[in-house]
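Residue numbers (my numbering), protein chains in the order written: chain A, 1 to 242; chain B, 243 to 484.
Everything labelled a hint here was simulated from the structure, so no lab data went into it.
C-beta atoms are modelled at their ideal positions from N, C-alpha and C, and glycine is treated no differently.
Be aware that a few hints might be false.
[Unchecked claim] Here are the simulated BS3-like pairs of lysine-lysine, each with C-alpha atoms no more than 30 Å apart in a straight line:
| no. | chain 1 | residue 1 | chain 2 | residue 2 |
| --- | --- | --- | --- | --- |
| 1 | A | K3 | B | K246 |
| 2 | A | K4 | B | K442 |
| 3 | A | K3 | A | K141 |
| 4 | B | K383 | B | K434 |
| 5 | A | K76 | A | K152 |
| 6 | B | K340 | B | K351 |
| 7 | B | K289 | B | K305 |
| 8 | B | K394 | A | K142 |
| 9 | B | K245 | B | K442 |
| 10 | A | K217 | A | K47 |
| 11 | A | K117 | B | K384 |
| 12 | A | K142 | B | K443 |
| 13 | B | K351 | A | K152 |
| 14 | A | K76 | A | K98 |
| 15 | B | K442 | A | K142 |
| 16 | A | K200 | B | K443 |
| 17 | B | K305 | B | K245 |
| 18 | B | K340 | A | K152 |
| 19 | B | K443 | A | K171 |
| 20 | A | K201 | B | K246 |
| 21 | A | K117 | A | K142 |
| 22 | A | K201 | B | K383 |
| 23 | B | K384 | A | K201 |
[As the list claims (entries may be wrong)] Sample of chain B residues at the chain A side, in silico, Cβ under 8 Å:
| no. | residue |
| --- | --- |
| 24 | L257 |
| 25 | L260 |
| 26 | V297 |
| 27 | N377 |
| 28 | R396 |
| 29 | S419 |
| 30 | H424 |
| 31 | M425 |
| 32 | L429 |
Number of protein chains: 2
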Amino acid sequence: MNKKPSLYTSLSPALLHLYDISNSIVVVIDILRATSTITAALNNGAKEVIPVDSVSRCIEIGKQIDGITAGERDGKIAEGLSYGNSPFEYPESFIKGKTLVLTTTNGTKLLHMALDKGAKEIVIGAFTNLSSVCNHLIAMKKNVMLACAAWKDRVNLEDTLFAGAVVSRIKEHFDISCDSSHMAESLYNTGKADLYGFLKKNEASHYHRLTGFGLEKDIRYCLTEDGANVLPVYINGRLIVE
Amino acid sequence: MNKKPSLYTSLSPALLHLYDISNSIVVVIDILRATSTITAALNNGAKEVIPVDSVSRCIEIGKQIDGITAGERDGKIAEGLSYGNSPFEYPESFIKGKTLVLTTTNGTKLLHMALDKGAKEIVIGAFTNLSSVCNHLIAMKKNVMLACAAWKDRVNLEDTLFAGAVVSRIKEHFDISCDSSHMAESLYNTGKADLYGFLKKNEASHYHRLTGFGLEKDIRYCLTEDGANVLPVYINGRLIVE
């Protein structure tokens, strides 16, 4: 019997350095809302999404390539950008064939860390593309790192729950010697019947932040499985669906 | 109504820098087995426990003060030391009135980090002294940081479960805007009916490491509430019961 590939979960970018990911597929997870919005835009036909870490860089690249600049700060469209972080802003009628330049502080930082550490492949994970991610990981038979973007390096509930959802679906195919992965799965099993209610009950900090901005609809979408079931892969600074 | 003090959980020493603990009581948590053994020794009448981060330092201090040197590496008593990390090695008949010099890599590192960051007070937490810790935290009405020692900075299940046990007992008294704390509580609620079984079921890495050394009895002790219900406080390099 062949040895199974390994699977680890990093609950925060501040923990990623503890793991050797040089031979791993890294799944970048930023459920509320970056990775959910990326899958939505690409599922609706966006040509590509370019993740950047600052508003100024977003404006610069947006001008260079005539892309759609998007990003928020404190729940509002950032000054100088044209659109926000909501998956509902990117229907097919608007985004098809276009390039989205998206500022995502936590997610972009994590992407660059994974690159710097020599990840074999980087893909985007969200509940909206859960099946695509799981099917890909099973098919590839490579080591996996589920990398949560967290919130300013603080562990958050929604990213952890998604890691748990992946673990619960694919664990038979992997060797999982990682308490974070098992903890994530246990939390997911506890909350899966009503993820929205679970976030609310556990007073998830991001839930509070976003509902304060009236974004319940966004949160519900971001917690719904397979609503935008594509697999964004990071290649040369761009997220595309191959 | 007065504002409640805050409570945070840091799941790994690698996350502690994210929090301002300068006005907080820090609870150092290293369930398997450092903080459990420390409470056992002090409950059995040890004069004090001096935590050190290396075997050489343990030997040096042990000679200076005629203390009992203790510590393990890979499940065996470390070369040059006299005793191990098991709480059962320190019954009253042996330890009463003596000084225990204990090497604990993860726990000592965390203690020093908390000191460097100006913690207001540092206490030792374990299931064995759960009630003492909770009663103290409620009585003090100060901000609290539940600081998990983890395993070489990787998040572990047993320390997280203890943080969750504390949260579940004292949450009404604190303002908890911290997903890690809520996650820990949820995990504890899931596992509390049988913590040993929960570690086993979730393949906790430390559970594997220790059962491989035949230490099931130690693990069961370390998961039992209030078996050594004292409150060790860190003062001038020493853990004592005031």
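Results of checking the hints against the structure:
| no. | hint | verdict |
| --- | --- | --- |
| 1 | A/K3 - B/K246 | 52 Å, violated |
| 2 | A/K4 - B/K442 | 21 Å, holds |
| 3 | A/K3 - A/K141 | 10 Å, holds |
| 4 | B/K383 - B/K434 | 26 Å, holds |
| 5 | A/K76 - A/K152 | 18 Å, holds |
| 6 | B/K340 - B/K351 | 24 Å, holds |
| 7 | B/K289 - B/K305 | 17 Å, holds |
| 8 | B/K394 - A/K142 | 25 Å, holds |
| 9 | B/K245 - B/K442 | 40 Å, violated |
| 10 | A/K217 - A/K47 | 26 Å, holds |
| 11 | A/K117 - B/K384 | 40 Å, violated |
| 12 | A/K142 - B/K443 | 25 Å, holds |
| 13 | B/K351 - A/K152 | 23 Å, holds |
| 14 | A/K76 - A/K98 | 22 Å, holds |
| 15 | B/K442 - A/K142 | 26 Å, holds |
| 16 | A/K200 - B/K443 | 27 Å, holds |
| 17 | B/K305 - B/K245 | 49 Å, violated |
| 18 | B/K340 - A/K152 | 45 Å, violated |
| 19 | B/K443 - A/K171 | 14 Å, holds |
| 20 | A/K201 - B/K246 | 20 Å, holds |
| 21 | A/K117 - A/K142 | 16 Å, holds |
| 22 | A/K201 - B/K383 | 25 Å, holds |
| 23 | B/K384 - A/K201 | 25 Å, holds |
| 24 | L257 | 6 Å, holds |
| 25 | L260 | 5 Å, holds |
| 26 | V297 | 23 Å, violated |
| 27 | N377 | 24 Å, violated |
| 28 | R396 | 6 Å, holds |
| 29 | S419 | 6 Å, holds |
| 30 | H424 | 4 Å, holds |
| 31 | M425 | 6 Å, holds |
| 32 | L429 | 6 Å, holds |
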